[in-house]
Amino acid sequence: MSIMEYNGGSVVAMVGKNCVAIASDLRLGNQALTIATNFEKVFPVTDRIMLGMAGLASDVLTLRDRFRLLVNMYTIKEEREIEPETFAHLVSSTLYEKRFGPYFIEPIIAGLSKGSNKPFIASTDVIGCINFAKGFVVCGTATDKLFGVAESLWEPDLEPEDLFETISQTLMNAVDRDAFSGWGVVVHVITPEKAFTRYLRARMD
Amino acid sequence: MEVSFALTGKDYVIIAADQNAARSIIKMKGDEDKIKALGSHLLMAYSGEPGDTIQFAEYVERNLRLQQMRNNHPLRPQAAASWVRRSIADSLRSRNSYSVNILLGGYDMAENTPKLYWMDYLGTQSDVPYAAHGYGSYFALSLLDREVQKRLVISFPSFRVKVVDAEGVREVDVDMSV
Numbered sequence: 001m002s003i004m005e006y007n008g009g010s011v012v013a014m015v016g017k018n019c020v021a022i023a024s025d026l027r028l029g030n031q032a033l034t035i036a037t038n039f040e041k042v043f044p045v046t047d048r049i050m051l052g053m054a055g056l057a058s059d060v061l062t063l064r065d066r067f068r069l070l071v072n073m074y075t076i077k078e079e080r081e082i083e084p085e086t087f088a089h090l091v092s093s094t095l096y097e098k099r100f101g102p103y104f105i106e107p108i109i110a111g112l113s114k115g116s117n118k119p120f121i122a123s124t125d126v127i128g129c130i131n132f133a134k135g136f137v138v139c140g141t142a143t144d145k146l147f148g149v150a151e152s153l154w155e156p157d158l159e160p161e162d163l164f165e166t167i168s169q170t171l172m173n174a175v176d177r178d179a180f181s182g183w184g185v186v187v188h189v190i191t192p193e194k195a196f197t198r199y200l201r202a203r204m205d
Numbered sequence: 206m207e208v209s210f211a212l213t214g215k216d217y218v219i220i221a222a223d224q225n226a227a228r229s230i231i232k233m234k235g236d237e238d239k240i241k242a243l244g245s246h247l248l249m250a251y252s253g254e255p256g257d258t259i260q261f262a263e264y265v266e267r268n269l270r271l272q273q274m275r276n277n278h279p280l281r282p283q284a285a286a287s288w289v290r291r292s293i294a295d296s297l298r299s300r301n302s303y304s305v306n307i308l309l310g311g312y313d314m315a316e317n318t319p320k321l322y323w324m325d326y327l328g329t330q331s332d333v334p335y336a337a338h339g340y341g342s343y344f345a346l347s348l349l350d351r352e353v354q355k356r357l358v359i360s361f362p363s364f365r366v367k368v369v370d371a372e373g374v375r376e377v378d379v380d381m382s383v
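Quick mapping for you: the protein sequence lines, in order, are chains A and B.
In terms of the numbering used here, the first sequence opens at residue 1 and continues consecutively.
In terms of the numbering used here, the second sequence opens at residue 206 and continues consecutively.
Per label pair, the in silico range of CB-to-CB distance: (1) B:Arg275 / A:Lys98: 26 to 34 Å; (2) A:Lys114 / B:Tyr264: 41 to 49 Å; (3) B:Glu376 / A:Arg198: 39 to 47 Å; (4) B:Asp238 / A:Arg80: 47 to 55 Å; (5) B:Tyr264 / A:Arg80: 36 to 44 Å; (6) B:Lys215 / A:Lys118: 45 to 53 Å; (7) B:Glu376 / A:Asp176: 40 to 48 Å; (8) A:Asp157 / B:Met314: 47 to 55 Å; (9) B:Met314 / A:Arg198: 27 to 35 Å; (10) B:Ala371 / A:Lys98: 41 to 49 Å; (11) B:Gly235 / A:Glu151: 57 to 65 Å; (12) A:Leu33 / B:Tyr217: 19 to 27 Å; (13) B:Arg298 / A:Phe132: 26 to 34 Å.
Just so you know, these hints were derived from the structure itself, not from any lab.
Note that CB positions come from ideal geometry on N, CA and C, so glycine has one too.
Hey, can you work out the whole structure from these sequences and the hints?
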């Protein structure tokens, strides 16, 4: 039994044309026992950045609070909103601070840059080694399945609605084959004009 | 070998916990109270490592009381749950962590809604309509009905039950002899 699989859960993020999407499942478990089906793993950082975390649920909550503090401090000091790239490095260094006793989560960052609206996604491992991916990033107990489905469904320059469809199908089909993820998914799409959130009922078993 | 259950209704939370104080195969007593009233509208059922449980429960109780005295206002269930969770999460990465599992139920007087939080010793927290800890959770989470008493292999003879609603905290007698 790995501590990374103790609570279950998966997150995925994808790049589209001037937009990004990030989605997670809603299950919270204790190994095979499901405790709750309303546990979201994606949190807003700014209006155009979202952070998703999969792994130990306790650390997901602790780091959600910690990043809220750190981003607020950054905003006050710099008198501007944090950029996605900068936030990715903030996540990385926060995790590496605990190099020899890490937080048991793998984060995914998705956002749009302020000026250029350039979509940005990244993920890191538990100690903060950043992976700047071009198309999509995945993490959680359904990682292997997500890679397979995303690899075949994703294509470059998807419009927001098409990206929503792609990420939804990717996550739903991947978690259906994973015992530790599922019980519905939540999808966030960020575009320069607006951001929207949709809850999807998948296989509820 | 402890169990605790809780569920929310339209305007109340009901919490039950077994009353056994046992060590290994020996049962010390059968009238232990494992549910603390942390305020006029807040209840906490605790289970886990004996010693840790009471120490932690009293630590929470006194800190929430201090908060209330300082600010002339009790913490709302959501805020109290966050504080308890943080205490557990911080203790988990210390040399001596509290092995305590908690069900925190309260009636939010500002929103007029019942609230229930499930927490384990790792600092996992979840806002749920019904919850359970211990072996009972395997049955209760899927059934949460009369079947519980019948199907549980280790059947506890009695339960101490407390309710919190708009009127505040009160204890109710439940006849388990059926």
